[in-house]
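**Q** Below, each chain spelled out in residue letters.
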Amino acid sequence: MSDNLIEIHDLSFAYGKRLVLKGIDLTARRGQVIAIMGISGGGKTTLLRLIGGSLKPTSGVLKVDGVDMSGLDRDALYQLRRRMGMLFQFGALFTDMSVFDNVAFPLREHTDLPEEMVRDLVLMKLNAVGLRGAHDLMPSELSGGMARRVALARAIALEPSLILYDEPFAGLDPISLGVTGNLIRRLTDTLGVTSIVVTHDIQESLRMVDYVYFVSEGVIAAQGTPDELRASTEPFVHQFVHGEENGPVPFHYPAPPYADELELAA
Amino acid sequence: MQRATLDLWVGIFVVAGIAAILFLALRVGNMGSFDSASTYTVKAEFDNIGGLKARAPIKSAGVVVGRVAEIGFDSAMYEATVTMKLDTRYKFPKDSSASIMTSGLLGEQYVALEAGGEEKMLSEGDTLKITQGAVVLENLIGQFLYNKSEEAPKAAEPK
Amino acid sequence: MNSLLDSLRGIGARVIDSIWRMGVATRFFLMTLLQSGQSFRRFHLVIREIYSAGVLSLIIILVSGLFVGMVLGLQGYETLQTYGSEEALGVLVSLSLVRELGPVVAALLFASRAGSAITAEIGLMKATEQLAAMEMMAVDPVARVVAPRFWGAVISMPILAALFSAMGILGGYLVGVVLIGVDEGAFWSQMQAAVDFREDILNGVLKSVVFGVAVTAIALFEGYDAPPTAEGVSRATTRTVVTSSLAILGLDFILTAFMFRGV
Ligand SMILES: Nc1ncnc2c1ncn2[C@@H]1O[C@H](COP(=O)(O)OP(=O)(O)OP(=O)(O)O)[C@@H](O)[C@H]1O
Ligand SMILES: [Mg+2]
Numbered sequence: 001m002s003d004n005l006i007e008i009h010d011l012s013f014a015y016g017k018r019l020v021l022k023g024i025d026l027t028a029r030r031g032q033v034i035a036i037m038g039i040s041g042g043g044k045t046t047l048l049r050l051i052g053g054s055l056k057p058t059s060g061v062l063k064v065d066g067v068d069m070s071g072l073d074r075d076a077l078y079q080l081r082r083r084m085g086m087l088f089q090f091g092a093l094f095t096d097m098s099v100f101d102n103v104a105f106p107l108r109e110h111t112d113l114p115e116e117m118v119r120d121l122v123l124m125k126l127n128a129v130g131l132r133g134a135h136d137l138m139p140s141e142l143s144g145g146m147a148r149r150v151a152l153a154r155a156i157a158l159e160p161s162l163i164l165y166d167e168p169f170a171g172l173d174p175i176s177l178g179v180t181g182n183l184i185r186r187l188t189d190t191l192g193v194t195s196i197v198v199t200h201d202i203q204e205s206l207r208m209v210d211y212v213y214f215v216s217e218g219v220i221a222a223q224g225t226p227d228e229l230r231a232s233t234e235p236f237v238h239q240f241v242h243g244e245e246n247g248p249v250p251f252h253y254p255a256p257p258y259a260d261e262l263e264l265a266a
Numbered sequence: 267m268q269r270a271t272l273d274l275w276v277g278i279f280v281v282a283g284i285a286a287i288l289f290l291a292l293r294v295g296n297m298g299s300f301d302s303a304s305t306y307t308v309k310a311e312f313d314n315i316g317g318l319k320a321r322a323p324i325k326s327a328g329v330v331v332g333r334v335a336e337i338g339f340d341s342a343m344y345e346a347t348v349t350m351k352l353d354t355r356y357k358f359p360k361d362s363s364a365s366i367m368t369s370g371l372l373g374e375q376y377v378a379l380e381a382g383g384e385e386k387m388l389s390e391g392d393t394l395k396i397t398q399g400a401v402v403l404e405n406l407i408g409q410f411l412y413n414k415s416e417e418a419p420k421a422a423e424p425k
Numbered sequence: 426m427n428s429l430l431d432s433l434r435g436i437g438a439r440v441i442d443s444i445w446r447m448g449v450a451t452r453f454f455l456m457t458l459l460q461s462g463q464s465f466r467r468f469h470l471v472i473r474e475i476y477s478a479g480v481l482s483l484i485i486i487l488v489s490g491l492f493v494g495m496v497l498g499l500q501g502y503e504t505l506q507t508y509g510s511e512e513a514l515g516v517l518v519s520l521s522l523v524r525e526l527g528p529v530v531a532a533l534l535f536a537s538r539a540g541s542a543i544t545a546e547i548g549l550m551k552a553t554e555q556l557a558a559m560e561m562m563a564v565d566p567v568a569r570v571v572a573p574r575f576w577g578a579v580i581s582m583p584i585l586a587a588l589f590s591a592m593g594i595l596g597g598y599l600v601g602v603v604l605i606g607v608d609e610g611a612f613w614s615q616m617q618a619a620v621d622f623r624e625d626i627l628n629g630v631l632k633s634v635v636f637g638v639a640v641t642a643i644a645l646f647e648g649y650d651a652p653p654t655a656e657g658v659s660r661a662t663t664r665t666v667v668t669s670s671l672a673i674l675g676l677d678f679i680l681t682a683f684m685f686r687g688v
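Chains as they are written, first to last, in the numbering used here: chain A, 1 to 266; chain B, 267 to 425; chain C, 426 to 688.
These are calculated hints, taken from the structure and not from any lab test.
Treat the hints with care, as some may be off.
To be verified - Here are some, though not all, of the chain C residues that point toward chain B, as calculated from beta-carbon distances under 10 Å:
| id | residue |
| --- | --- |
| 1 | 459 |
| 2 | 479 |
| 3 | 626 |
Even glycine gets a Cβ: it sits at the ideal position worked out from N, Cα and C.
From just these sequences and the hints, can you work out the full model?
**A** Listed below in structure tokens is the structure:
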């Protein structure tokens, strides 16, 4: 068994003709929390989808647990996914089921556990995200942050060995944010899970992750441990860590010059 | 297995559906009154069946006793072969006669069975000997006109 | 010249596009059938869908059936009376309902009530990434979401059509016998003499099964294929109603030609 759960080498991906990822290299060791950061629209969600197998790489190598993802048939992919959990950017809770049934869903689909055991496990997971009391609410009765925490409980229901988080902190108040951050860390440490966290929250990331990758314009622009990044003098990293608008990272989506578009030149 | 109110509703729905089909089958349609289990088959040859169709009723004394199962053409005799399924509850003598009648002036056509006098009864596969084909309205009118025209010169002669 | 070429090219592209879509739909339909095993092993999933497709359509089906039957009774009486054969009212009402109106009108109502709901639901599940989430949990959405809805709706359709016909005949009875005063005995006995179980009733049920398959397959595919936006889902819902209504009427013509010709 290799030490690396995820190995990505020279990975490219295009939506139709638009190249979104151009040659990514990334590795995640077992038991690590890895953060993927970068500007909005930079291709972070796309990268997670590739790791989860819902998109196929255009070129390059992507291995999860030693298995090459591009040559996988459906059954093998599903087999692999039973050991993955994914937290979607907007939660993606099943709107026709209660919170309880949402969390119970993977347990009921993949195990033959008796209903009492399912109940105990679900309440345990919900307790971990602080929403045990909300178990009979419907998703429409939850706030955005609560929905994301329920989705987190659902993602960890089967105690997977790899969890992919798409922006777990967005829309959380500072307390839930801290608690969620600690939860991710604790899961990783106690269960030996590997976590990939896509996030914009630089401070929280630097506090709890083991390693950070910056994705910008489809390539890894910078990487390092939190300590290395804090100490970094590279302008790109500096801009990110301190949240400045002007720097090497463009805030704007590629566009013709502003003045031209407003026809100020005329 | 736990029961939910949802299951109750689905149960009601399915039972109502079955009831509706039973209602259609028993009250609206004529299911099973003449199916093959309780019928015997008798054949009859007619020189002309007129507008008789499969599934037309077979009546005796006005009571429906069977249905026409099949209509064929006998190319040796140039006659129509009508296969009839009669209810086993009703027995008819071997020398009964069949004729094709019309209910009302323009109504549907049916086969009328007239009981004969013989002791032996009809059984599966028998053929009726005495038949009377359909009265075709056009022929009737034609005949009537022909007779009239024959009469007319005779009436004129004495003058 | 150029614009002519362009419009020709546009038509060609559209034709190819629809044929392509047809192929995708067929593959989706076959996949649904292939992935149906789970629906029968875990039948409560189907029960749930019978509830939302069948039970929730009951009111509209029963009420419409009653009214259609009453109108048939009234109109039929007016027409038959001029030929002095108002006893045939039962025959007219029952045959038109059992053979045609029951299956067809019930299926049209079903398409707009249950079909559109199925499309909207699946389209929204896709737009909010619920189907993607399911797939990430190694649960096939076709087996878990699509197939149970298919069987639930296909089972519901003939039941609804039979209820529609039965209600309609009661409606015709109410108007013809109770209100107008057609002879009750003649009403039922002529009906029984003319309506055959196998030829008329079973063929009507068969029709409704075919319509149920068509409507549900269209509704599921439109939902699954909808662009993941509010506009995309709303368009798909409209398309479901339009396409399945046309499919019902077209199929009805074909089936009628096969079933009731030369009898
Ligand atoms: N289904 C799609 N089809 C075509 N292009 C897409 C699709 N999904 C995303 N993109 C494009 O790919 C690029 C990367 O998208 P992605 O969702 O991965 O960004 P992201 O880094 O997750 O952004 P955010 O932080 O805002 O979530 C974007 O420019 C987007 O326009
Ligand atoms: Mg994203």
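**Q** Each of the hints needs a verdict: does it hold here or not?
**A** Comparing the hints with the structure gives:
1. 459: violated, 26 Å
2. 479: holds, 5 Å
3. 626: It holds, given that the least Cβ distance between residue 626 (chain C) and chain B is near 5 Å, below 10 Å.
The structure is inconsistent with hint 1 alone, although it conforms to all the rest.
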